[in-house]
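Top to bottom, those sequences are chains Y and F.
When you line the first sequence up against this note's numbering, it's residues 1 to 556, in that order.
When you line the second sequence up against this note's numbering, it's residues 1001 to 1346, in that order.
Treat the hints with care, as some may be off.
[What the hints assert, rightly or not] Sample of chain F residues facing chain Y (criterion: CB under 7 angstroms; computed from the structure):
no.	residue
1	1048
2	1049
3	1122
4	1242
5	1315
If you are wondering where the hints come from, they were derived from the structure by calculation, not from laboratory data.
Positions of the beta carbon are idealized from the N, C-alpha and C atoms, including for glycine.
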Amino acid sequence: MVLNFVPALTLFVCGIVIPVSHLLVLCFRDFSTSLSVFSQPWLWSALSFSLWQALVSALLSVLFAVIVAAVLANRKWPGRRLLMVLSSLPFALPSVLVGFAFVLAYGRSGFVARSLGFEIRVLYNAFAVIAAHVFFNLPFATRQLLDALESIPKEHIRSAKLLGMKGFLYWRIVVWPHVRITLANLFVLIFILCLSSFALVLMLGGGPQASTLEVVVYQLLRLDADLSGASVVALLQMSLLLPIVFLYRRITQSRTHWKTANVGPSAGPSAGPSADPNVDPSAERSVVGVGSVGLQSLSEVSWTMFFLGGFTLFLYALYIALPLLGLASDASKGFVSSLEFIFQSSFLDALWGSVSLAFPSAFGCMLSSWMFVRGIAVIQKQFPRLSGWGVDAVWLVMGLSPTVLTLAWIVTLSSHDVDVFGNPYPVLIFVHTLLALPLCVRTLLPSALSVHNRLDRSARSLGLLGTSRMRFVEWPEMRRPLLSAFLLAFAFSFGDVSGVLMFGGGNFRTLPLFIFELMGAYRFGPAAVASVLLALVCVSFFWISELFVGRTEERK
Amino acid sequence: MKFFFLGKVVSIFNVLSIGLLGLSSLTALAAPEAKKTLTVYTYSALTSEWGPGALLRAMFEKECNCELKYVAVDDGAALFKRIKLEGNKTKAEVALGFDSSIAADVVASKLFVDSEVTLPQNLVAPVAESLRAQLVPFDYGWLAVMYDSQKIKMPPKDMDDLLSRPEFAKQLLLEDPRTSAPGLAFLVWLDELYASKLPEQLQKLRKQTLTVSSGWTAAYGLFTKGEAPMVISYTSSELYHRVVEKKERYKAALFPAHYAVTEFGAVVKAGNQKDLARKFLKFLLAPQSQKILAEKNWMYPALNVRAIPGLNDAFVNSVQPAKALTAKAELETQKRLVNVWLNAFR
């Protein structure tokens, strides 16, 4: 069992503990100067802005995601799969491109302004920042919530109907136990992502009154080369997470809910046969994910639900599609010549660079986080405290400023004479695997716990252990969350700019870097086309994997 | 079952992830030691596909029988800070691309040694006397307001006009001085013009500003996408639009005096290829390198345009500002200015 923790622990120790302790040593070497950061007046305004915009963004994203996912769940809306594929897109876009997309849609001369025929002024304030953060995070939250909602065993829903449960009671007894952890996860995750947001905040915020702690970190590094001051601010940013993580534990670790939700059905009649891979699983089986088998046809939906739901989905689709349409319309100007231009340049090399970076890091990340969560699932009974700490550590690590982390890496490696710039692939794959690990762990944790609680006894009685257990018991149940984790890590690695920028240079290129270099050389037209191609590559990749998982589920 | 191979992959991954760090150090060991390698730290626009980096490397490698390696960072300021952070463990032999706004700081840092390059007679890039021993200028530009002539018929005549004309309210795109080189240089320019009156002038600037981006790329991107008709950039941006896009739409507003931004290279003290490094800086001032630098980096050559055979006519014929402002700001000044700016804009 200990083996399960090896990959993740190695990643954490080599990737975070070593460079961060290196930083701390630097920090304490001249402690008094490090602390002088606190006397800066702008530090506190940045702190409060970071905090409140992240809170509001996370709240709104999760709230809207709940509404959209509730409408979508278990119903056969037309274009549902398309919508889900579209939803995976914003997450893969580098943040400056999200900023551009937003401006192209809602800016003074954007898509909306042009179709309305008059200039609109909604951007360049704190609300624009929040709206962009919602655009970035809502689709991803919706996807995750939808997975959670559709993992509610069908027999639960049926029993609830038999008992005549409706409204709040239904929600409280049937739905809440299944989405509780996912909701908490999403909230913390989005909070962290928004907390360390940087380029987007400056671009849409309209001025330094809207700047986050990450900007202060960057400023300290840039203006003063003040690594110790920057680490102090980075640690401060991390400490902002403490109350959130505390809250998270309160929500996720109340044991009474746990039992009704997950341990309960394992005693029921359906759990026994479903754990046995040799018995053909019947349609009764609780399928994790969106099997097209279990979807409710729209004709069974009430009219009010149909109109209200349809309207919600329309608004949602519009919110996601408008910025993307803005990008597309920007790219359509001089499309052919731009296309020619980028194919004459090293576009294909950059694409290949991105794929050969994103694929191994996403795969590695998925596997190591899978192993990590099954480890957690096993020890949670014997060592509840330890497993709790393990899970919290993942959160806190994520809150550490990426700028500082990457820099700490470079400083540590180059002080040990490692040539990080000679061949950046191993280092970058490592960094991406590490940075996406919390994302993947979050995605996998709820279903891993539920699978463990439901099927552990049966798997043991069949003598299924180690990899054969992963293969026969966990893979069929966790197929969809595993795919989500993989895609998430893939999108993260595909869209990353800051890490690539720091380790890049020379002949090494990825697609986002290529786009940035195009813009740096005034080629904004070709850059727009390349961004659309980036989006298309992501969409087709997501589409193919959706089809793949969809088909294997139908075959069952 | 599709994933029968999963078990093996998992165990391979165990080994892999442990070995990854070791692997990266192995790649360092495996590098051949036949030729001398000159590592140049520079900013990313210089090494990009469309920048001058690749051509210069090819030319220099032919001359020196050595290998030239670029390490690219964000921009000039980030470059200097990276070398400062790496201290005497740095791999850099040459630092290429910090500009005049931080040059005083670079010299004061004692991280660089004398370049031993005699600056040629026909050098036109503005270089302060105190910088000449250590820093070698390779190109320069004039910080300027670029404007969209389709939207602005009467461009600002000078800084006062830009800051006080009511019709320019929320028409200007700025870069943040905390995170970008032109942003800081613009602030130094304003300080040079207004000195003690800077806070009031910044209040006016705030009224004219639509948004403050993190860097040149984002600001100029918003400008070309039509969000606002004015942006802080360089006069030579106009040349790019004229030469490559054949467009006269985007123009630089000519003021009586402009802040001159000279870009420098320097020999790193901690390096161990100093002769080769000096040779490289000298090579950058040769006419053929100057031509590549100007035409690919969209800055003016450090030498007189007439001393460079075959240089694009657009550079030769372009109108230059009458007067150059060459204020240099030490670290303390930079910090003070940023604080003043933050107070005005908050």
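Going down the list of hints, with the structure as the test:
For residue 1048/F, the interface hint holds, the least distance from its beta-carbon to any beta-carbon of chain Y being 4 angstroms, beneath 7 angstroms. Satisfaction of the interface hint for residue 1049/F is found here, the shortest Cβ-Cβ separation to chain Y being roughly 6 angstroms, below the 7 angstroms cut-off. A least Cβ separation of about 28 angstroms between residue 1122/F and chain Y goes past the 7 angstroms threshold, and the interface hint is therefore violated. Interface restraint check for residue 1242/F: the shortest CB-CB distance to chain Y comes to about 12 angstroms, outside 7 angstroms, so the restraint is violated.
A least Cβ separation of about 16 angstroms between residue 1315/F and chain Y goes past the 7 angstroms threshold, and the interface hint is therefore violated.
In summary, the numbered hints that this structure violates are 3, 4 and 5.
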